[in-house]
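Undergrad: Sequence:
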Amino acid sequence: MKKFDRAALEKLFSAMLLLENEEECENFLNDICTVQELEALAQRFDVACKLSSGKVYSEISAETGASPATVSRVNRCIKYGNGGYKTVIDRLGDKAND
Numbered sequence: 414m415k416k417f418d419r420a421a422l423e424k425l426f427s428a429m430l431l432l433e434n435e436e437e438c439e440n441f442l443n444d445i446c447t448v449q450e451l452e453a454l455a456q457r458f459d460v461a462c463k464l465s466s467g468k469v470y471s472e473i474s475a476e477t478g479a480s481p482a483t484v485s486r487v488n489r490c491i492k493y494g495n496g497g498y499k500t501v502i503d504r505l506g507d508k509a510n511d
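Remember, my numbering sits 413 above the position in the sequence shown when you count from 1.
Any given hint could turn out to be false.
No farther apart than 25 Å at their CA atoms in a straight line, the calculated lysine to any residue pairs in the SDA-like style are these [as the list claims (entries may be wrong)]: (1) K508 <-> T483; (2) K492 <-> F458; (3) K492 <-> D503; (4) K499 <-> L430; (5) K468 <-> A455; (6) K499 <-> P481; (7) K508 <-> G497; (8) K424 <-> R504; (9) K416 <-> A453; (10) K424 <-> C446; (11) K508 <-> F426; (12) K468 <-> D507; (13) K492 <-> S465; (14) K492 <-> A453; (15) K468 <-> L454; (16) K492 <-> G467; (17) K499 <-> A453; (18) K416 <-> G494; (19) K508 <-> C446; (20) K468 <-> G478; (21) K424 <-> F458; (22) K468 <-> K499; (23) K468 <-> N488.
If you are wondering where the hints come from, they were derived from the structure by calculation, not from laboratory data. Because the structure is a prediction, the values reported are computed rather than measured.
Starting from the given sequences, assemble the full structure and let the hints guide the process.
TA: Next comes the structure, spelled out in structure tokens:
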């Protein structure tokens, strides 16, 4: 297994913080991610928003197409992770439930 490159990850985080608007973010993510990677990220975030709004696993799976395992994994991150989902969902406010 390849050694985790923490410096490269930190450089990525710094680069993302330089993005000034949604269009720049979209352009960067479209350049850096494959369509499948971007779809997976969007799906996981949609699952997190739906979990935070109180929807149940079966409803979330049906609405998003996410497997029950993905819904469960995202739920574990919300409950026991680093608080990343909660931070952005709280900051999005009502937009998180659109």
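Undergrad: Hint by hint, note whether the structure agrees.
TA: Here's how the hints hold up against the structure:
no.: 1; hint: K508 <-> T483; verdict: holds (22 Å)
no.: 2; hint: K492 <-> F458; verdict: holds (14 Å)
no.: 3; hint: K492 <-> D503; verdict: holds (15 Å)
no.: 4; hint: K499 <-> L430; verdict: holds (18 Å)
no.: 5; hint: K468 <-> A455; verdict: holds (17 Å)
no.: 6; hint: K499 <-> P481; verdict: holds (20 Å)
no.: 7; hint: K508 <-> G497; verdict: holds (17 Å)
no.: 8; hint: K424 <-> R504; verdict: holds (24 Å)
no.: 9; hint: K416 <-> A453; verdict: holds (24 Å)
no.: 10; hint: K424 <-> C446; verdict: holds (16 Å)
no.: 11; hint: K508 <-> F426; verdict: holds (23 Å)
no.: 12; hint: K468 <-> D507; verdict: holds (15 Å)
no.: 13; hint: K492 <-> S465; verdict: holds (10 Å)
no.: 14; hint: K492 <-> A453; verdict: holds (20 Å)
no.: 15; hint: K468 <-> L454; verdict: holds (19 Å)
no.: 16; hint: K492 <-> G467; verdict: holds (13 Å)
no.: 17; hint: K499 <-> A453; verdict: holds (18 Å)
no.: 18; hint: K416 <-> G494; verdict: holds (22 Å)
no.: 19; hint: K508 <-> C446; verdict: holds (24 Å)
no.: 20; hint: K468 <-> G478; verdict: holds (14 Å)
no.: 21; hint: K424 <-> F458; verdict: holds (22 Å)
no.: 22; hint: K468 <-> K499; verdict: holds (16 Å)
no.: 23; hint: K468 <-> N488; verdict: holds (11 Å)
Violated hints: none; the structure is consistent with every hint.
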